[in-house]
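The residues making up each chain are set out below.
There are 2 protein chains.
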Amino acid sequence: MALPFDRSEYAARIAAVEQEMARRGLDALLISDPANMNYLTGYDGWSYYVPQAVVVVGGEEQPYWFGRPQDANGARLTTWLDDEHISSYPETHIHQPDRHPMDVAAQLLERLGCGAKTIGVEMDACYFSAQAYARLTQHLPNAQFQDAKLLVNWKRLVKSPAELDLMRKAARIADHAMDVARRSIAVGRRESDAAAAVYRAEISGVDGIMGDYTALAPLMPSNERTSASHLSVVDRRYAAGDRVTVELAGCHQRYHAPLARTFSLGKPPARLADLAAAVVEAMDSALAAVRPGTSCAGVEAAWRRVFTRHGYEKDSRLGYAVGLGYPPDWGEHTANLRAGDERVLWPNMTFHMIAGMWFDDYGIELSETIAVTETGVEVLTNFERDLLVVEG
Amino acid sequence: MALPFDRSEYAARIAAVEQEMARRGLDALLISDPANMNYLTGYDGWSYYVPQAVVVVGGEEQPYWFGRPQDANGARLTTWLDDEHISSYPETHIHQPDRHPMDVAAQLLERLGCGAKTIGVEMDACYFSAQAYARLTQHLPNAQFQDAKLLVNWKRLVKSPAELDLMRKAARIADHAMDVARRSIAVGRRESDAAAAVYRAEISGVDGIMGDYTALAPLMPSNERTSASHLSVVDRRYAAGDRVTVELAGCHQRYHAPLARTFSLGKPPARLADLAAAVVEAMDSALAAVRPGTSCAGVEAAWRRVFTRHGYEKDSRLGYAVGLGYPPDWGEHTANLRAGDERVLWPNMTFHMIAGMWFDDYGIELSETIAVTETGVEVLTNFERDLLVVEG
Chain F
4 MALPFDRSEY AARIAAVEQE MARRGLDALL ISDPANMNYL TGYDGWSYYV
54 PQAVVVVGGE EQPYWFGRPQ DANGARLTTW LDDEHISSYP ETHIHQPDRH
104 PMDVAAQLLE RLGCGAKTIG VEMDACYFSA QAYARLTQHL PNAQFQDAKL
154 LVNWKRLVKS PAELDLMRKA ARIADHAMDV ARRSIAVGRR ESDAAAAVYR
204 AEISGVDGIM GDYTALAPLM PSNERTSASH LSVVDRRYAA GDRVTVELAG
254 CHQRYHAPLA RTFSLGKPPA RLADLAAAVV EAMDSALAAV RPGTSCAGVE
304 AAWRRVFTRH GYEKDSRLGY AVGLGYPPDW GEHTANLRAG DERVLWPNMT
354 FHMIAGMWFD DYGIELSETI AVTETGVEVL TNFERDLLVV EG
Chain D
4 MALPFDRSEY AARIAAVEQE MARRGLDALL ISDPANMNYL TGYDGWSYYV
54 PQAVVVVGGE EQPYWFGRPQ DANGARLTTW LDDEHISSYP ETHIHQPDRH
104 PMDVAAQLLE RLGCGAKTIG VEMDACYFSA QAYARLTQHL PNAQFQDAKL
154 LVNWKRLVKS PAELDLMRKA ARIADHAMDV ARRSIAVGRR ESDAAAAVYR
204 AEISGVDGIM GDYTALAPLM PSNERTSASH LSVVDRRYAA GDRVTVELAG
254 CHQRYHAPLA RTFSLGKPPA RLADLAAAVV EAMDSALAAV RPGTSCAGVE
304 AAWRRVFTRH GYEKDSRLGY AVGLGYPPDW GEHTANLRAG DERVLWPNMT
354 FHMIAGMWFD DYGIELSETI AVTETGVEVL TNFERDLLVV EG
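Chains F and D are the protein sequences, given in the same order. Numbered per the working numbering, the first sequence spans residues 4 to 395. Numbered per the working numbering, the second sequence spans residues 4 to 395.
Okay, chain F solo, but in the shape it has when bound (with noise of 0.2 angstroms):
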């Protein structure tokens, strides 16, 4: 079993989680974010589509991972657990009108002494489904559910060494990837076969860099998808004049680097290209007042101050805290470089920038994945800053 961190790594998590659930009075935590599972015990399995959690009783070393009998195994090949700190409900609760996995679940929690305490659960994880949180009040009603809400995703958002040199990876990943779509997108080429080339850049990796399945799939919309943030290709040929969105990301170790490009192929028309300069231009400043003490905010101003002065509105959020996930998302829920949230940067906080506009009938991307340091910022990924045009 070879793990991505030395287990005093996932001791120190443990120890800051548990730390705030004290805070919070919390006894003991059940996690069902599947990032939360990997980022405090290692898990990494494609479980997720039946009920899973990790438990973490305050004042424990180990937290227990509980899930599906076939998944049993992967826990022990995958997690830094004991044995005894992974058990599983029945087979036959999978998918039964009459029995649910989370009322073994409370069982559980009753054999760990929680029956009657406070139980941190993750109300807006989206594998905590309102059954999921019917069932434990059911059986456990002497038990006070609290929402822990974002309380592990919060310990993510400052990245440790080790998990920075994944990231940095991921990204090399993600450059190549954005390499393989610049050279795949082209006149008479069919669209799905220029998203397979993507797909299998992204997984095989580069430079003996393993990749992994990211938790978007890669996005690429042609011409009046792009208007649209989350369409991908469709059954077609490039032709000239198409312009394409790309919204990849390199995955290692379940870290990701995001990063989105515009392509045109051909000249593009003129009001995408002036729209692309501002983009690049905000951007960039956007980029340059990232540094320690500047408030998530104070990005997403710096943002606005040189877009609006070419003219430019955007609504949407300017980035938000990137790092490990799982489908359906590699954001991270916490800190989002938009007005208002005057969250203040940390070294070692990383975040996909992403300027996103979609319009009536068109759209544009541009993103960096981005690490704060002790001074300024470092830009994991590395790929041309500009409006792509390819031969068209």
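Treat the hints as calculated values from the structure; they're not laboratory data. Just so you know, these numbers come straight off a predicted model, no measurement behind them. Hints should not be assumed to be uniformly reliable.
Given that identical chains are not distinguished, each listed pair holds provided it fits within a single copy or across any two copies.
Claimed, not checked - SDA-like mimics (lysine to any residue), calculated; alpha carbons at most 25 angstroms apart, straight line: (1) Lys-152 <-> Thr-95; (2) Lys-120 <-> Gly-62; (3) Lys-317 <-> Leu-391; (4) Lys-152 <-> Glu-21; (5) Lys-152 <-> Val-107; (6) Lys-158 <-> Arg-114; (7) Lys-152 <-> Thr-140; (8) Lys-158 <-> Leu-6; (9) Lys-158 <-> Gly-269; (10) Lys-152 <-> Val-393; (11) Lys-317 <-> Leu-80; (12) Lys-120 <-> Val-60; (13) Lys-317 <-> Asp-106; (14) Lys-152 <-> His-142; (15) Lys-120 <-> Glu-316; (16) Lys-158 <-> Gln-99; (17) Lys-158 <-> Asp-101; (18) Lys-152 <-> Tyr-52; (19) Lys-158 <-> Ala-292; (20) Lys-317 <-> Asp-86.
Start from chain F and add chain D according to the hints.
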């Protein structure tokens, strides 16, 4: 906008869902499962990492799409809904501690006249969080909420001829991807390069049939990692004597045909060869049992009779309904090929029949995607049904 189905097919789906809603006394249905959203409206975007929904109001012809502003154009481009049936919450509701998109969904339900009605919600859908439900009930104190459970999923169980056609195409891609796996798993090859080739095959497709991202990533664990069901590749090169399980799918227009096989690099160990022979024979027996009028449990019993005779046991189900899907799952969560599921087979039901077993230090997988016909079974996938021995 090219919808995968005729408008009349969507209309029939809505009518069937509304009939069942009436039977259950539901005035409205708020749908969170992206496969169900797609089934009723055509909506296709990787936007399920933020709250979104499709609302069906009893007696109305068109449902309502509800989501993020930057995805509303995606709804315009991929659904058959009129513009006034597409609405969004403010971008300022994304990832905020004090606001939630479902606050605005509650307003939509009010506006649709459902504020004091009976509203069905998918309590156990992956993307219907405990928080989403808490917000809805808080804002609509006069509404009655009911667990709609798998109302729409059950309507998806019997496929239309047009749906079957898409699944046959998906199966062609699955066969092709497995063929690529067979040619890529070779001594000295990096596991991630083999996986990358499979991803490419899945997306590029075959014979002009375009692929799409699959609802589970291709799973290709080797050696002791085959003892868990949802692991993937690691950073190593294949060596003689390796065993690899490959579970992949073809996906076409979001319809899936999964396919699993087990590989041995060189002569397989006797225990694996013996097990594989029993698995193949038992699966042949199960396939021969598939016909209208037989129950799901009856199919599994046919498998079990043969498998037990060989001295083996398998705890987990032999398969499940399959079709339209989004990450994290291509299963439909309804009918299961297992003891106790007395549902009777009907023509055009589709299943992923999967014999997967995971032992202490090894595992095996063999699967087919099948459709029930008027008289028996159509095996949609078409690949040598055996333990696959490659040079090693």
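We went through each hint and held it up to the structure:
1. Lys-152 <-> Thr-95: Between copies only: 18 angstroms across chains, 31 angstroms inside a chain, cut-off 25 angstroms.
2. Lys-120 <-> Gly-62: within (14 angstroms within a copy, 47 angstroms between copies)
3. Lys-317 <-> Leu-391: within (21 angstroms within a copy, 54 angstroms between copies)
4. Lys-152 <-> Glu-21: within (15 angstroms within a copy, 36 angstroms between copies)
5. Lys-152 <-> Val-107: This pair counts as both: shortest intra-copy Cα distance 23 angstroms, inter-copy 20 angstroms.
6. Lys-158 <-> Arg-114: neither (28 angstroms within a copy, 40 angstroms between copies)
7. Lys-152 <-> Thr-140: both (17 angstroms within a copy, 19 angstroms between copies)
8. Lys-158 <-> Leu-6: within (19 angstroms within a copy, 44 angstroms between copies)
9. Lys-158 <-> Gly-269: Cα proximity of Lys-158 and Gly-269: none, with 46 angstroms in one copy and 47 angstroms across.
10. Lys-152 <-> Val-393: Neither: 45 angstroms inside a copy, 49 angstroms across copies.
11. Lys-317 <-> Leu-80: For Lys-317 and Leu-80, the Cα distance is within 25 angstroms only across copies (22 angstroms; inside one copy 46 angstroms).
12. Lys-120 <-> Val-60: within (10 angstroms within a copy, 41 angstroms between copies)
13. Lys-317 <-> Asp-106: between (46 angstroms within a copy, 24 angstroms between copies)
14. Lys-152 <-> His-142: Both ways: Lys-152 and His-142 sit 22 angstroms apart in one copy and 20 angstroms across, limit 25 angstroms.
15. Lys-120 <-> Glu-316: Neither, since 49 angstroms and 40 angstroms both go past 25 angstroms.
16. Lys-158 <-> Gln-99: Cα proximity of Lys-158 and Gln-99: across copies only (17 angstroms, versus 36 angstroms in one copy).
17. Lys-158 <-> Asp-101: between (37 angstroms within a copy, 20 angstroms between copies)
18. Lys-152 <-> Tyr-52: Answer is both; intra-copy 21 angstroms and inter-copy 16 angstroms each pass.
19. Lys-158 <-> Ala-292: within (24 angstroms within a copy, 54 angstroms between copies)
20. Lys-317 <-> Asp-86: between (51 angstroms within a copy, 23 angstroms between copies)
Comparing the model with each numbered hint stated earlier shows that hints 6, 9, 10 and 15 do not hold.
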